[in-house]
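Dock chains B, C and D against chain A, hints included.
Number of protein chains: 4
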Amino acid sequence: MNIGFLGLGTMGAPMARNLLKAGFALRVWNRSRGPVDALATLGATPGATPADAARGAEALIAILSDDDTSRTVLCEGADGGALGALPRGAVVVNMATVSLAFAREMAARCESLGLRYVAAPVLGRVNVAEAGKLNILAAGDASAIDTVQPLFDVLGQRTWRFGDLPEQANVVKLAANFMIASAIESMSEAATLAQGHGVAGADFLEMITTAVFATPAYTGYGGAIAKETFEPAGFKLSLGAKDLRLALLAGEAANVPMPFGTVLRDNHLDSLAHGEGHLDWAALSRVALRRAGLPKTQT
Amino acid sequence: MNIGFLGLGTMGAPMARNLLKAGFALRVWNRSRGPVDALATLGATPGATPADAARGAEALIAILSDDDTSRTVLCEGADGGALGALPRGAVVVNMATVSLAFAREMAARCESLGLRYVAAPVLGRVNVAEAGKLNILAAGDASAIDTVQPLFDVLGQRTWRFGDLPEQANVVKLAANFMIASAIESMSEAATLAQGHGVAGADFLEMITTAVFATPAYTGYGGAIAKETFEPAGFKLSLGAKDLRLALLAGEAANVPMPFGTVLRDNHLDSLAHGEGHLDWAALSRVALRRAGLPKTQT
Amino acid sequence: MNIGFLGLGTMGAPMARNLLKAGFALRVWNRSRGPVDALATLGATPGATPADAARGAEALIAILSDDDTSRTVLCEGADGGALGALPRGAVVVNMATVSLAFAREMAARCESLGLRYVAAPVLGRVNVAEAGKLNILAAGDASAIDTVQPLFDVLGQRTWRFGDLPEQANVVKLAANFMIASAIESMSEAATLAQGHGVAGADFLEMITTAVFATPAYTGYGGAIAKETFEPAGFKLSLGAKDLRLALLAGEAANVPMPFGTVLRDNHLDSLAHGEGHLDWAALSRVALRRAGLPKTQT
Amino acid sequence: MNIGFLGLGTMGAPMARNLLKAGFALRVWNRSRGPVDALATLGATPGATPADAARGAEALIAILSDDDTSRTVLCEGADGGALGALPRGAVVVNMATVSLAFAREMAARCESLGLRYVAAPVLGRVNVAEAGKLNILAAGDASAIDTVQPLFDVLGQRTWRFGDLPEQANVVKLAANFMIASAIESMSEAATLAQGHGVAGADFLEMITTAVFATPAYTGYGGAIAKETFEPAGFKLSLGAKDLRLALLAGEAANVPMPFGTVLRDNHLDSLAHGEGHLDWAALSRVALRRAGLPKTQT
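Protein chains in written order, with our numbering: chain A, 1 to 299; chain B, 1 to 299; chain C, 1 to 299; chain D, 1 to 299.
Since the hints were made in silico from the structure, they are not lab data.
Glycine included, each C-beta is placed from N, C-alpha and C at the ideal position.
Watch out, some of these pointers could steer you wrong.
Simulated DEER-style distance windows between Cβ atoms [claimed, not checked]:
hint	chain 1	residue 1	chain 2	residue 2	range
1	D	216	B	164	46 to 52 angstroms
2	B	127	D	275	27 to 33 angstroms
3	A	238	C	146	53 to 59 angstroms
4	B	164	A	227	21 to 27 angstroms
Which bits of chain C does chain D cover? Going by a derived footprint, with three or more residues having C-beta under 8 angstroms, they are [said to hold, decoys possible]:
hint	stretch
5	155–167
6	260–270
Bound-form chain A, shown alone (with noise of 0.2 angstroms):
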């Protein structure tokens, strides 16, 4: 199967890599050529542009930063953008984490050049996407996850199929985040609630997150929180912000409140008005300590 793949990234270019390694044609393409460069050692085809790296593939990968960026690579350009480089009948896979409504937009689109639409996003950080090991959340027309599950065996451990609209395996993406944002909180009002009491927060992290929440997302973080290393940022708490955002806006489109989801739509703002949007997820942390009034927890 002839891919073309669009974006280079700390999560494309492993990925990609791991499709090479498994004996896939690949042409890629990146905003910046050295990533582009790295991957042409390996056997990649490189793209002038979006449009050159999409031209005849049987499957497009995209995994760009955001709505806009990925809109600009796949529809706009001098030659058209990726989408109408593409033969009808080609799977568009989108990998990265966008909007429901930009889910909509880019299948409406799909649909209208004969395109086939995929939503595709991941779970699973740069370490778990260099192993293959990527939990792959898809939605979208049946035969069209058929045509790519062979690129999605190699990128991850499993896939998830959540239903015929693409942007189904968007919401349960941004649900994911929202999940992760919310281990985050609990962690910090918890640990600051105990450091109210004259208990090291480290030390109460320490213990729940190994007999109550030993799995990576609360040890991961609770470990950032507990020894206040928030640089270099894993994921920055501004990313989050905006998945947080994401989730928030899928809940007004179904009527959902989420109380949690509002609760930390203000923490994440307390924190970029303390200029801590660049540090990693786990900062958030500091919201809770500064509204108690208490010290960071390694002092």
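Chains B, C and D alone, transformed into the frame defined by chain A:
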């Protein structure tokens, strides 16, 4: 070591059995007679009253339902309550989930009687208690904890020490329960969001508790939410509401805002107002569905 | 001064009438023809299209339902939309409740066309508009506001100026509507609390709006809550939900947490999910009663 | 009618003076002696103890700071507390802001002593008390209220009756104070939103308290927020926090979720954690500014 043991409920009974099996001499008391007789067949000495069970004990373990019951059993009664029957220097180990104010009250009373008060609430359900694998959260005078550490080694897989003030163990326990409630609410909102967009809540929950939150607090409650199996209750929602109230009181005492905690407070009241207090804590999920005007997960 | 006037809805029609009465020459346009004809009998010149109504005007007043409608009327259409028909130097006065982003967009577009954009949303219901007693919230270039001040003097009892950036008037209007929603929610929770203890919500509301909050926003909405008279809607709950969304977006843009705002968001979604969007804003009170498991106030 | 009067604080002193002026015979007691002497010069009989002031009274008015003080004064002391000194059939009128639980406790105790307990908390500040223009919120046995109605007619401009259970007046008072706190928070968030977009909070507040919320609760607190004049405190933030706690407890007792109430709880704790409890209630506004990373309004 002679041990008095008060409260042979769901948790207390297997704990007392484990101590007996390990060779400790136990005088036991329970409000209803059945559990006392059961323990007696295993070698425990029945106590006619709390004071009778406490008489001459070097360590007194109490694990009763709440503040009021604990106060009654420890301090009141025709023969003066359990504390009055203890020899000076004895260690009182309160393993129940009680308020910080109660811990302070008991610590002061014990001190005035020449006794040593240790707070040691536990994390773990019945099966964990049976296996002697509890996590024990201990606080109080270090030498007093040292004295009863051999008991903790029988009852639990690990003892976590949190400070010299008994209430510090209680705040840790309340913070832990707050985090469990937060996990339930987080799953509830996320599953409702998914369902609002046509994805079965159960499908979402299976994925998220496999791919991201693969730990018993999530898989257990998540499974119950997915299947809407709220009876029989493993832990009643009304008890969760009580613990949450104590957590918020602990926050008030230290001026710690807890916005997730207050959302949880309101949602528990919503649940109680709809007659769901007798159901399992997982039934908190009904609030999110109800507010979104959605049917129960299964229908 | 020649004036173009776009939008003869509930608010726009009486405002246009007042300008006519004050002797201004008006060319008017409305999506439906009836209100145009009515104004024509009073001396206004009908415009066939927005551009037709705007042609040659020194000032163009627009008061349309939302961002999208405003954009369509001002900027689009076969003959180019209203803005294109204005002479250079004309003042565009947008009196609708729109988003800050829209205000910025229009200000930039006007500048590129050599026009001057003033935001001037109003406070007051229909009867206040009829009486020419509106409060006008104005922002934009000071000399542009000076130019249209004679119009504001006819329409309102007072013009409040909030800055050089048009969006500053919009944020003030959104903040005002947020406060009205907060008053409704505050009454709802308080009345529900009273009712939960056997005091009729209506009795509580009569007292509080007499003894403490004797001002129309409270007496009006409080009376509607007390009597459960939500139809016909003076201002629809669904419109309140829209304004609240815009207020929260304004908060996001400036990193301002708004915990009352987010509670209101969730409660409006709860109301919409229960099919109450067409009712008067006062129907938000049903959420508090419903969550407390209480019957409606009157029953 | 012989009247006992306990508590000559900021509110109690002018109320007692008004009763004297109206010709009632008063025996008065206060914790500190100064106010007693001052009343004596106006014709009141000093009581050496609460019981001494209550002796022989047909009606006993108490207006003390909180539950604990009220209980001490009414029920304890070397000579048995005030209640014990009253003749059977006397009416006990508690005009303080106390908890519902306390009202129930006192009502039961009075009943057991053959006394009649009326709850009658008031709305209005000192100047209103001086003018005899309070709003009196009364609940309890109707004939008992009838008995003391002549006193209420002196103290207030209007008596509102809310039911046969004394606690019903207390819940109304707590609901009223919750609404005042909500007004403060609403102004705080709105002014912060405006300020986040470059509009002075003071300008916004002047407009909104003139154009929409022209009523003392808004103009008074709004003016204080605008000018950042929080000392001397008209009503201390720490007292507001106490009343709010009682309102939330009343909500818990009736399973009434109060999401505005819980936001207020957290914000009051935030304020207390930052050492602002001694400031005027209006200082709650600092929380919103602080969270948004904005300077105080005036700077």
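A quick look at each hint next to the structure:
| no. | hint | in the structure |
| --- | --- | --- |
| 1 | D:216 with B:164: 46 to 52 angstroms | 51 angstroms, holds |
| 2 | B:127 with D:275: 27 to 33 angstroms | 48 angstroms, violated |
| 3 | A:238 with C:146: 53 to 59 angstroms | 41 angstroms, violated |
| 4 | B:164 with A:227: 21 to 27 angstroms | 25 angstroms, holds |
| 5 | 155–167 | holds (count 6) |
| 6 | 260–270 | holds (count 5) |
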